[in-house]
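Asks: Residue-level listing of the chains:
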Amino acid sequence: MVSKRNRKSSQGPSTRVFFTTDVHGSEHCFRKFLKVAETYDVDVLIIGGDLAGKVVVPIVRRSDGSYWCNYMGRDLILNTEEELAATRDKIGRLGSYLYETDTDGLEQLRNDHSKVEAVAVELIVERMRTWVKLAEDRLGPTGKKVIMGPGNDDPFAISEILNSSDVVQNPDEEIIWIDEHHEMAGLGYANMTPWKCTRDLTEDQLRAKIGDLVPKLQNVENSIFCFHVPPIDSQLDTCPRLDDSVYPPKVVVDRTGQAEYYGSGSSAVREAIETYQPLLGLHGHIHESKGIARIGRTTCFNPGSEYAEGILHGLILTLTEDSLRSYQFTTA
Amino acid sequence: MSQKAPAETVFLRNSSGVIRAMSPTDGVFFGYLSAAGLYGLVFYMFLGPGLFPRANFLMADVLTVVLFLAVYCVYAVLGSAMPRSGGDYVFQTRVFGPGFGFTISIAAFVVWGWWFCYLAASSILAGLIAPMFNVIGVSTGNHAWVTAAEYVSKTSVRIPIIMALILGSGWIMSRGLKPFLRIQRYFMMPASILGVVLIAASLLFFSHATFMSHLATFQHQVGGLAPSQVISKARSLGFNPAQGYSLADTVGMAVFLSFLFIWVCEVPSLTFGELKSAGRLKTVFGMFATAGALMFVTFLIGLVWTYSYVGLPFMRAFSWMVVNQPDTLGGDWGFRGAPTFLYIPSLNIWIAVLLFICFLGATSQSLFNTIIGPSRMLLAMSFDRLLPEWMGKVNKKGAPYAAIWLGIGVAVALTVVFEVLPNIAEVLFWSSFASLAGVTLTVIAGTIFPWRMKDVYEVSPASQYRLGGIPLVTAIGIIGTAFMLTMSLTNLFNSTFGLFGTGAARVGLVFAVALILVAAIGYVGAKWYRRSTGIDILLNFAAVPPE
Chain F
-12 MVSKRNRKSS QGPSTRVFFT TDVHGSEHCF RKFLKVAETY DVDVLIIGGD
38 LAGKVVVPIV RRSDGSYWCN YMGRDLILNT EEELAATRDK IGRLGSYLYE
88 TDTDGLEQLR NDHSKVEAVA VELIVERMRT WVKLAEDRLG PTGKKVIMGP
138 GNDDPFAISE ILNSSDVVQN PDEEIIWIDE HHEMAGLGYA NMTPWKCTRD
188 LTEDQLRAKI GDLVPKLQNV ENSIFCFHVP PIDSQLDTCP RLDDSVYPPK
238 VVVDRTGQAE YYGSGSSAVR EAIETYQPLL GLHGHIHESK GIARIGRTTC
288 FNPGSEYAEG ILHGLILTLT EDSLRSYQFT TA
Chain W
276 MSQKAPAETV FLRNSSGVIR AMSPTDGVFF GYLSAAGLYG LVFYMFLGPG
326 LFPRANFLMA DVLTVVLFLA VYCVYAVLGS AMPRSGGDYV FQTRVFGPGF
376 GFTISIAAFV VWGWWFCYLA ASSILAGLIA PMFNVIGVST GNHAWVTAAE
426 YVSKTSVRIP IIMALILGSG WIMSRGLKPF LRIQRYFMMP ASILGVVLIA
476 ASLLFFSHAT FMSHLATFQH QVGGLAPSQV ISKARSLGFN PAQGYSLADT
526 VGMAVFLSFL FIWVCEVPSL TFGELKSAGR LKTVFGMFAT AGALMFVTFL
576 IGLVWTYSYV GLPFMRAFSW MVVNQPDTLG GDWGFRGAPT FLYIPSLNIW
626 IAVLLFICFL GATSQSLFNT IIGPSRMLLA MSFDRLLPEW MGKVNKKGAP
676 YAAIWLGIGV AVALTVVFEV LPNIAEVLFW SSFASLAGVT LTVIAGTIFP
726 WRMKDVYEVS PASQYRLGGI PLVTAIGIIG TAFMLTMSLT NLFNSTFGLF
776 GTGAARVGLV FAVALILVAA IGYVGAKWYR RSTGIDILLN FAAVPPE
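In order, the protein sequence lines correspond to chains F and W.
For the first sequence, the numbering used here gives the first residue as -12, with consecutive numbering after it.
For the second sequence, the numbering used here gives the first residue as 276, with consecutive numbering after it.
Just so you know, the hints here were simulated from the structure itself, not pulled from any lab data.
Do not take every clue at face value.
[Unchecked claim] So the derived label-pair ranges between C-beta atoms look like this: (1) F:D309 <-> W:S807: 18 to 24 Å; (2) W:V788 <-> F:E258: 38 to 44 Å; (3) F:D76 <-> W:V572: 53 to 59 Å; (4) W:L792 <-> F:E308: 54 to 60 Å; (5) F:I282 <-> W:S807: 53 to 59 Å; (6) W:P663 <-> F:R284: 17 to 23 Å; (7) F:S151 <-> W:L742: 46 to 52 Å; (8) F:D309 <-> W:R741: 52 to 58 Å; (9) F:E87 <-> W:E664: 35 to 41 Å; (10) F:I282 <-> W:R781: 49 to 55 Å; (11) F:S151 <-> W:L792: 55 to 61 Å.
C-beta: ideal position from N, C-alpha, C; glycine also.
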């Protein structure tokens, strides 16, 4: 436990912000998120997108009352409700969703991908409801500001759940005041990826959305752009180039068999940052590109993600009235 | 009969994925070459019998390989649980705390990034290029080559060449990991394997009698002692090449081998963030074990050379005289080294050139890994705010260029110091044995990992493996810890390279301790400075229990 700091310094009072992103359904990471207010002594907590997990693990009821599933290459036979609960917990920790079904249900999933997506959305919504309720119960009484926004991987259905809470704020396509001096503009969309995700847009569409959002800011120079996709060629967006003419997309390799890397971020986001020069840019989307980049006077961050290992990567920012006093990356 | 594809048991949504680019095969190459597989033959076969004349090399080799499997297992558990770049620094900071990890890692950086960088470049020049020129000159009778060998051995010529090698490697590394991986995959590894094959082939195609006859010819050409007189001369100087084995020398040889085997896991772990399947325990362990097995096979061939082909008494006597009586042996074998010795069976100049190129492939990797490892360490520390932000700058190729140029810039400057003041170079050489202690600490970290980082352990691949109710990593870690502690303490108290050994060895170990103390002071200073700017370094690694 870290003792309370004297927030008033020679630079005036400050606001401490914790930013994380891309938890992808990991119960473990989200439950750590709920504790960071206390551990890190922060005033504002933000999850910047990609709240939903990626994997549905069917668990099949067998005729003898036991359950079967295959996870991480191992066949698991679960004989009791306790074992089932423990497995659900273990799978949920890593961001996957357990789907209870029978052999017919399993076959349906195998034969119809749209059924997989429908089941996944149902499970995502269910978990999101649980998360929002937990945030309301645990963080509501603390008075901390809790901001959770969708990312490009997240179905539109979760926006309703986020919007319905009076504790959790959804910054997507909105302006939120994180303290009396700093506004935050949020955008969960991304430029088109090879997977053509739910909230992937063309650069022109992204540009239009940013064009609609930013003018709503009262003081853009002191604002924060919480845009899920990082600016292009910023080192916050470096990843292997993929061939999206096949599914699933595969890595493009050169003649010597080595992967080609490139900046996959958004040119629209970069243009917006170059034009408007906010105080900060907070991004995610590319898990392996943890880092910091400066575009003019704007400092941009990507804390990275290792949700599948149960590790919550984050960033603590200390803001004074008109500047970024300090930052540090955290690994919980 | 056609096979049906296996039925899906897990379903992926239409969502973005994470892909890493360094393959486990690259990881095997990285580990094997970092442990100086082929060049390890220098220590094992050529110098080993002279340094540890009563060592049972087979036992030392088997002991080291088998017990290092425990070390590899622990590294694989830690790496698959925390698959990010930084190696020992990441593991030790997360398990023990930032003070520990920073202190040990900074000390390791100084030795590894500055001394080893110079040593690798110097070895290429002094251990390969110069002897190769000399062999060509002796074999062809063209004295210009011998003159060239003497010329590149002069301090005034060595310095710019070593600097150029370091700077050239730094330039390649500043272009990202990809160019290096290409060179490793298409030159270094094939060259190393070819070298091992050539050595094995020489056992098959050239008899012992041919070897001795060729050695006699070569010694005559270079003014050295005739092979027929080596054993008797050694005896007259007080060395008994037929003495039995001793546990002390066998363990001493094992310590020497340990110093090579640690790089199999320590160096690749620095780049886990770039490794495919880094989160899969079996893949990572398999990678380390395969590289270790390749090392074992390489040394096995050296064993056959020593025991069967050359003959143990002769090899012992020859090696002992290289180490202790070089002037009596003649032929300047301290300069020529193992690559020249391995050319003797064929006495064919083209095989000699090919062998030297193979050794070049094996040795040059060391130059690159002394740049890769330390720079990734500095990058991790910069992210943790223990070092200035500018050290964490990464270019468009993904290379931490500021950390790279800092490392090699100082190494280039220190080249002059090491060349002009070889005593300082010797001190750094002996201090590098303290790196065994660094690996020991990581093995201890892995042993207690299930308790110190319970939530990370429980979601890691290793959590499913238990032995008698305790985590398997703890059970294996106890074995690994016992082994590494034995190696470290044996190193510490060895009569040659320990506290009670030569003066330079003593100074070297004291220097290593002093480095750690200075780094500890640096850590306290960094922590204090960051606190004054509102950053509590301890938060970087604070455990956050899930709600």
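Asks: With reference to the structure, classify each hint as holding or not holding.
Replies: Status of each hint after checking the structure:
1. F:D309 <-> W:S807: 18 to 24 Å: The hint (18 to 24 Å, Cβ to Cβ) holds, given that D309 (chain F) and S807 (chain W) are roughly 21 Å apart.
2. W:V788 <-> F:E258: 38 to 44 Å: 55 Å, violated
3. F:D76 <-> W:V572: 53 to 59 Å: 45 Å, violated
4. W:L792 <-> F:E308: 54 to 60 Å: 42 Å, violated
5. F:I282 <-> W:S807: 53 to 59 Å: 28 Å, violated
6. W:P663 <-> F:R284: 17 to 23 Å: At roughly 20 Å between Cβ atoms, R284 (chain F) and P663 (chain W) fall inside 17 to 23 Å, so the hint holds.
7. F:S151 <-> W:L742: 46 to 52 Å: 49 Å, holds
8. F:D309 <-> W:R741: 52 to 58 Å: 55 Å, holds
9. F:E87 <-> W:E664: 35 to 41 Å: 49 Å, violated
10. F:I282 <-> W:R781: 49 to 55 Å: 54 Å, holds
11. F:S151 <-> W:L792: 55 to 61 Å: Holds, since S151 (chain F) and L792 (chain W) (Cβ atoms, about 58 Å apart) stay within the stated range.
Violated hints for the displayed structure, listed by number in ascending order: 2, 3, 4, 5 and 9.
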